[in-house]
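Be aware that the sequence shown starts at 1, since it is given in my numbering, and climbs by one per residue.
Please note that the accuracy of each hint is not assured.
To be verified - Here are the computed distance ranges between Cβ atoms for each label pair: (1) 69 / 18: 33 to 41 Å; (2) 30 / 83: 13 to 21 Å; (3) 63 / 84: 17 to 25 Å; (4) 58 / 93: 27 to 35 Å; (5) 52 / 8: 32 to 40 Å; (6) 39 / 8: 17 to 25 Å.
No wet-lab data here; the hints were simulated from the structure.
On a predicted model such as this, the values are computed, not experimentally measured, just so you know.
Where a beta carbon is used, it is the ideal one built from N, C-alpha and C, also for glycine.
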Amino acid sequence: MGSVVEYRCAACAFSSGRLSLGWGKAGRASYWGGLALCEGCKQLSVVDLAVTQPDRRDRRCERCHGLLKLLEGIAEELGCPQCGKALRHSTLGSWV
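Please model the entire structure based on the sequences and the hints provided.
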């Protein structure tokens with residue numbers, strides 16, 4: 001099962017919205033949601049790590065087309081993209 005999470009900042013009220021991470025019943029070969037940060041617009045997003053493209057390092061933000069930096073799961077401590085303070089994540093549920 002995958003997790004539905006949301007990151008929030010208590011200092012500036014930033015919210016990532018609902019992010020679907022991990023994989024469901026079909027396994028990682030079908031869909032594998034990985035957490036990513038756009039270094040251009042500073043937004044958190046989800047990247048499908050199961051996608052087979054020639055250069056998987058060249059993942060782009062859907063908003064601004066900036067390069068995405070893959071983050072280490074939900075355990076990595078993240079700074080708020082707007083103010084730099086620590087983000088807190090909440091698990092909202094799971095998906096299959």
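> Which hint numbers does the structure go against, in order from smallest to largest?
Replying inline: 1, 2
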